[in-house]
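Asker: Each chain, written out:
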Amino acid sequence: MNPKISRKRATALLSWATALLLGTAPLAGGAQETAVQGRKTQVEARPAAVPARAFAYDAKRESVLEGTVVGYTEGGQIAPTGAHATVRTRSGDVDVHLGPASYLQANHFSLAAGEQVRFVGVNAVVNGKGVFLARIAQKGNQVVAIRSPRGSLLAKGASRLLTEAERAQMKQQGGAR
Amino acid sequence: MNARTETTVSRVSIVLALFAAACGGGGGNNGGPPPPPPKFTNASLSGQYAFSMSGTELCAGQGSLFARIGTFTADGHGNITNGLEDVNICTGTEILQFAGGRYSMDADGRGSLSLTNSTGTTNYSISLVSSAQGTVVQTDATVTASGTFQRQNPASFSNAAIAGGYVFDFKGVEVVGSTVDPASIIGRFDADGAGAIVNGLYDSNIAGTLSGQQTFPTGTFYRMDTNGDGTAFGRGTANIAGRNFAFYVVDAARIKFIGTDFPSELLGEAFAQQNIAFNDSSLVGDYAFLIDGLNSGSPIATSGRFTADRAGNIANVIVDENHNGAVTLLPVGTVTGAAYAVDTNGFGGGLLQWTDTTAGTFSFIFYLISPTQAVLEETDSGIVSDGMFTAQTATPITTTSMAGDYAFVWTGVNSSGDETDFAGQLTLDSSGGFSGLLDSNRFATTTSTQVFDALINGNLTLSGNGLGANTFNVTEVSPADTFHFTAYIVDQNRIFVVCTDTNRVLSGRLTRQP
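For the record, the sequence lines run as chains A and B. Everything in the first sequence is counted per my numbering, starting at 46 for the first residue and increasing by one. Everything in the second sequence is counted per my numbering, starting at 94 for the first residue and increasing by one.
These are computed hints drawn from the structure, not numbers from a lab. Owing to the predicted nature of the structure, the values given are computational and were not obtained by experimental measurement. Among the clues, some could well be false.
Derived CB-CB ranges, DEER-like [what the hints assert, rightly or not]:
no., chain 1, residue 1, chain 2, residue 2, range
1, A, Gln187, B, Asn409, 50 to 56 angstroms
2, B, Gly185, A, Arg195, 24 to 30 angstroms
3, B, His577, A, Lys105, 44 to 50 angstroms
4, B, Pro310, A, Lys105, 31 to 37 angstroms
5, A, Gly175, B, Thr427, 24 to 30 angstroms
6, A, Gly159, B, Thr554, 46 to 52 angstroms
7, A, Gly116, B, Phe314, 30 to 36 angstroms
Note that CB positions come from ideal geometry on N, CA and C, so glycine has one too.
Throw the hints in and build the complete structure from the sequences for me.
Answerer: Structural data, given as structure tokens:
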């Protein structure tokens, strides 16, 4: 049995036994409600998150990757889904994940072979292959934030941060809702 | 008439023409039996239905999460006569009344639906499971979404009807300052039948940060609208787990919620909780589960099954997970530490966990609706994913026992990372082969693609007794594509599916039609 749950269950059993002795064990229906209200709702501590098992973005491992684009696709057949760039660096070619293509298009960001690029992100392994998960992409003076500082893709949440003026403008432009 | 309706009419016309040609010159009754009546007609969609869906809208040139819930009234003859909806979109929250609309049902239970309000008309493809419920996909050029609808019971449109315990699951994003984080909040509460909420407990997972079990903050309530929307549409407002919501009552056992704390966006449902004191012995037997969400903002979908022994132990864990194309199939190594614990307070919360020696630890929190059903939230670092687990039949499954008609809905992202939604219907034969039709909406900021009446075929291949991971491969004829799913059979009426392709993430469910 998992030690974390095992510890919790031991405590729980003790609480249950104590409750039985005190005559306050939870009961079904209205009796349950009365008992709980009488002794204050019991709140149990939940376990802390366990270490990530998959390719979660770990901001503590961020690094900078610079090089020359040798390939770019907005809908590749490889994981993770989204746009990928192949970047030639001093240590070899690196697959860089750039998130949903639509987000890059909305930010007027695309890449072509021969362009010099700079990314901030983390290295990960997906389906046994190395991939650099970009948080910030830079081409010349153009900088696009792809992920939040915590590593969440900004693609579908960015429009939740429009200013009041931008919202008013969008609303005026209309469209069925 | 939208594209979906036009296509359907064309198909029907062709079929009728072929039928007429085949029968032409017959000179009257050929003596054969009359054709069976169609399973579904416009009359199948009749009455008042509550709907909920979430998806992606085009906003300021980019894709943006949004949600809508509401109600529409179908007259059984192709007309939408009334309705109301709440939307949470990138420009804010709104309440919009439907001035009308149209729908058209095919014999297989698929159909088109349009809803018109003061801002215009939105279009949908629907698949009826029965006349009481169905699945829905929005098919507009700049908006895609997926969800469900159920027939409402107006007798439940009162504070008094909403009484007793409820278990809820809300999912979406929470915005704090300039941070937009994926969010999942599950829990339970007691409604007192007069607008007050007591015994509220919840667990939130905001971008992987877990709240631990919390009591509801002060200010919690639920209240049917008193301006007529309550009695006419089953609409109300509530404060649950410290968040504000609008809700629509399906019936006393099911309520749909949408968050109104813009710019945050939450969508979910609450289900009446069985009135018992839950403990470890509440969980016994086989369970299948399906959850989806985000990990570091990337899509993730997980389905599987496990066995609980009523004493806190879990066995026979099988899992398929697709995390943005990274596919994990359990068991990879050896599954250890598989256990669960139901909270001692009797309210049905609990923990579930197992570790695969190769793939890592899978941790969850759940709240039991009954001993056979629960909402489920993953709590591993970075993962914000939730859904349900439900009792799985113990009866061995065969392709013969699964044969029949099914409505289905799948949602996820395509290879470019943008949302894709599918709704359709298929007929499984006794050998596991199937054919059917599907509609889809593949979002893009430039040109979204809506496909209607796409022919599909494929095979459900069962493994062993059919209660583990089965193969469900779907070939779409045009546009040509093949989807590889793992199917977990819940029972003879329901199937959970998760896509195992590495260039997309999809999950969904198939539900038997009558």
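Asker: For every hint, state whether the structure bears it out.
Answerer: Against the structure, the hints:
Checked against the hint of 50 to 56 angstroms, the C-beta distance between A:Gln187 and B:Asn409 comes to roughly 52 angstroms, which is consistent with it. Checking the proposed 24 to 30 angstroms range against B:Gly185 and A:Arg195 shows it holds: the Cβ atoms sit about 26 angstroms from each other. Checked against the hint of 44 to 50 angstroms, the pair B:His577 and A:Lys105 fails, with Cβ atoms roughly 35 angstroms apart. A beta carbon spacing of about 32 angstroms between B:Pro310 and A:Lys105 agrees with the range 31 to 37 angstroms that was offered as a hint.
Between A:Gly175 and B:Thr427 the beta carbons are some 27 angstroms apart, a value that agrees with the proposed interval 24 to 30 angstroms. With their beta carbons about 47 angstroms apart, A:Gly159 and B:Thr554 fall inside the hinted range of 46 to 52 angstroms. For A:Gly116 paired with B:Phe314, a C-beta distance near 57 angstroms fails the hint of 30 to 36 angstroms.
Figure legend: structure checked against the earlier numbered hints; hints not met, in rising order: 3 and 7.
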